[in-house]
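Note that the protein sequences, when read in sequence, are chains G and A. For what it's worth, numbering that gives the first Met the number 0 labels the leading residue of the first sequence as 0, then goes sequentially. For what it's worth, numbering that gives the first Met the number 0 labels the leading residue of the second sequence as 0, then goes sequentially.
Since the hints were derived computationally from the structure, they do not count as laboratory data. Treat the hints loosely; a few may be bogus.
What the hints assert, rightly or not - Listed next, with one range per pair, are the computed distances between beta-carbon atoms:
id : chain 1 : residue 1 : chain 2 : residue 2 : range
1  : G       : Asp173    : A       : Ile304    : 48 to 54 Å
2  : A       : Ala152    : G       : Pro97     : 57 to 63 Å
3  : A       : Leu398    : G       : Asn11     : 44 to 50 Å
4  : G       : Gly145    : A       : Ala293    : 56 to 62 Å
5  : G       : Asp173    : A       : Ser315    : 30 to 36 Å
6  : A       : Asn286    : G       : Asn141    : 56 to 62 Å
7  : G       : Arg210    : A       : Ser315    : 38 to 44 Å
Even glycine gets a Cβ: it sits at the ideal position worked out from N, Cα and C.
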Amino acid sequence: MTPMSHALQLANVTFDYGEDFSLTIAELSLNKGEMALISGGSGSGKSTLLWLIAGLLRATSGSISVAGERMDGVSESAADRIRARHIGLVFQTHHLLPEFSAQDNVSLALMAAGEPEKTHAARARELLNKLGIERVHVPVANLSVGQQQRVAVARAIVCKPTIVLADEPTASLDEMNASQAMDLIQQACREAGAALLCASHDRAMQSRFERVIQVDSFVSTKRASTKSGARA
Amino acid sequence: MNDISIVVKSLRSRRLSTIITAASVAVATALLLTMLSLRTASFEAFQRGTGTTHLLVSADSSPLTAVLNGVFYANAPSNPIAWKKFQDIKNAFPYDWAVPTQQGDSFRGFPVAAVGPEFFTRFEPVRGEPWKLVAGQFPSTLFEVCLGSTVAADTGLGIGQKIVLTHGTGASRDSHEHDEFPFVIVGILQPSGSAHDRVVFTDLESSWILHAQERRERAGIEGVATVADLTDDDRKITGILLRLPTRPGRDASAAIQQQFDALRRDTGIVVAQPAQQIDRLRSIIGNVDELFIALGVAVLLSSGISILLSMHNSMSERRKQIALLRALGVARMRITGMILTEATLIGFAGAIGGCALSLIGNAVASGALKARIGLVVDPTLDPRSTVIIVAGAIVLSALAGVLPAITAYRTSVADNLRPEA
Chain G
0 MTPMSHALQL ANVTFDYGED FSLTIAELSL NKGEMALISG GSGSGKSTLL WLIAGLLRAT
60 SGSISVAGER MDGVSESAAD RIRARHIGLV FQTHHLLPEF SAQDNVSLAL MAAGEPEKTH
120 AARARELLNK LGIERVHVPV ANLSVGQQQR VAVARAIVCK PTIVLADEPT ASLDEMNASQ
180 AMDLIQQACR EAGAALLCAS HDRAMQSRFE RVIQVDSFVS TKRASTKSGA RA
Chain A
0 MNDISIVVKS LRSRRLSTII TAASVAVATA LLLTMLSLRT ASFEAFQRGT GTTHLLVSAD
60 SSPLTAVLNG VFYANAPSNP IAWKKFQDIK NAFPYDWAVP TQQGDSFRGF PVAAVGPEFF
120 TRFEPVRGEP WKLVAGQFPS TLFEVCLGST VAADTGLGIG QKIVLTHGTG ASRDSHEHDE
180 FPFVIVGILQ PSGSAHDRVV FTDLESSWIL HAQERRERAG IEGVATVADL TDDDRKITGI
240 LLRLPTRPGR DASAAIQQQF DALRRDTGIV VAQPAQQIDR LRSIIGNVDE LFIALGVAVL
300 LSSGISILLS MHNSMSERRK QIALLRALGV ARMRITGMIL TEATLIGFAG AIGGCALSLI
360 GNAVASGALK ARIGLVVDPT LDPRSTVIIV AGAIVLSALA GVLPAITAYR TSVADNLRPE
420 A
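Given these sequences and hints, build the entire structure.
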């Protein structure tokens with residue numbers, strides 16, 4: 000049983016991806032409200048790690064617990080429910096539904112989490128207003144990139160998740176906008192009481208986090224090993 | 000936000016494709032509904048026209064032709080029956096009534112039927128619904144006519160006005176007007192919902208006088224013909240409507256078939272049981288409208304395929320949407336259900352649109368049938384056919400959504416949301 004103070008705990012997790020790629024994570028945990036950066040170069044396995052935690056990829060072995068609930072060894076639908084309730088996701092390209100309004104995009108997360116339908120609109124609107132989005136009924140395709148980022152963050156935290164997983168959230172932004180985006184994500188997580196595990200190859204991000212996890216420190220890849228001539 | 004609102008938003012985002020696909024379902028549904036309801040209604044209308052006649056005697060070439068000409072006024076019967084033959088037939092059996100009819104003239108394209116007085120007093124154009132007048136009276140003396148409701152409505156003529164009948168249909172080379180004998184309109188009949196509504200009715204003697212006058216002119220006899228001038232050769236009819244006695248409240252009689260067989264022994268006449276001939280007509284035309292129904296089913300199937308193609312094509316651009324819903328925690332089966340709901344909604348919208356189209360089509364078709372052949376066809380939809388066809392369209396649409404739903408079920412979140420390398 001995962002201690003309840005942990006937002007996330009991984010133990011002896013392995014993941015085989017094809018013949019030449021494998022991740023092995025001996026141990027990784029994150030306390031509630033803790034913010035950590037996973038740092039490493041492109042293709043080092045940062046995103047794969049986040050997707051394993053989210054249950055969108057299934058680990059070959061080992062245990063993954065989120066908010067005290069095991070993600071491994073459970074049915075896909077059970078993993079879906081845990082993800083909807085406890086995990087917020089922020090993607091590099093936002094992945095908003097362009098024909099849906101900002102309010103609807105945020106409401107989707109509430110719907111997925113099984114929150115009462117009559118509360119969706121009010122909760123989404125309130126959070127969006129708080130994040131500076133007033134035009135909540137406008138299709139997100141008509142919003143600026145910065146506004147879309149806010150909508151994506153709102154969608155990630157609207158269910159008050161235990162942990163937010165952010166996968167290269169600033170990769171497509173310039174330095175100034177990247178800084179503003181990270182301010183937004185961290186502030187939002189702080190206010191929502193959510194832990195944050197952010198994957199980024201940008202070294203400038205390291206100063207923003209109290210804990211920086213070098214992916215190479217506990218992740219081994221067959222590809223990396225093969226390249227160095229020593230198969231794991 | 001709920002599953003249905005996602006489905007509706009998804010359909011609205013592909014508005015044109017959704018409308019075209021639903022329209023194809025609507026056209027197929029309407030085609031099937033219209034074919035089925037008009038088939039049923041038109042045969043009911045045909046049956047109405049035969050009224051209370053048990054047997055029809057004519058000198059036409061076949062029983063079916065006799066019914067089409069004698070009851071539905073398709074053409075004027077080409078061969079006459081002598082008056083003496085009518086009297087022999089009438090006296091050979093205690094018929095409930097026997098009505099002689101004669102056709103051949105027309106008025107502004109509408110057929111003219113000269114009939115015996117029992118046509119108005121004993122014959123009922125629709126069982127249980129005897130003739131009624133909107134105005135005036137039935138012809139009671141020479142050179143009076145009574146207009147069927149369609150004739151009155153189309154010509155705008157009223158009581159007291161005079162008309163001149165045309166020999167023949169008016170379209171043939173030997174057509175000419177009987178202008179020596181104007182007829183007075185004395186009555187306008189209530190609509191009967193049968194072919195009789197397109198007919199101008201007069202008495203037999205007036206009709207015979209018209210043709211006696213022609214005979215006299217050909218012979219160079221001067222003066223205007225009267226009843227006294229009629230010869231046996233003038234007194235010809237083209238049909239006899241017969242009804243056998245029945246028990247009160249009953250329409251059938253065991254003697255009908257016996258009398259039918261007895262009359263058929265006379266090779267100079269054709270005897271028809273109108274109800275049987277309508278059934279025969281139904282079986283002949285039935286093959287044609289089965290073809291139309293098969294066509295409707297084929298269109299419905301093709302609209303199902305167009306739903307499948309439309310949704311299948313949209314799946315490539317919707318993979319990200321599906322993957323995102325999955326990433327947010329929406330279960331595969333729930334997304335599969337949304338896709339099936341989407342296909343079903345297209346089918347439902349198409350089927351409802353088809354019902355509306357069919358109602359419009361039926362109204363147009365029934366109007367045309369009434370104007371062309373005087374048949375009053377109920378334009379409303381048959382509830383049973385409607386339920387079956389609407390349900391069929393919806394089920395077919397849902398089935399068309401199965402393949403896209405499977406595609407949605409199999410959509411990989413990782414492949415569709417991870418940034419491209």
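Exercise. Taking each numbered hint in turn, which are not upheld by the structure, reported in ascending numerical order?
Worked result: Checked against the structure, no hint fails, so every one of them is satisfied.
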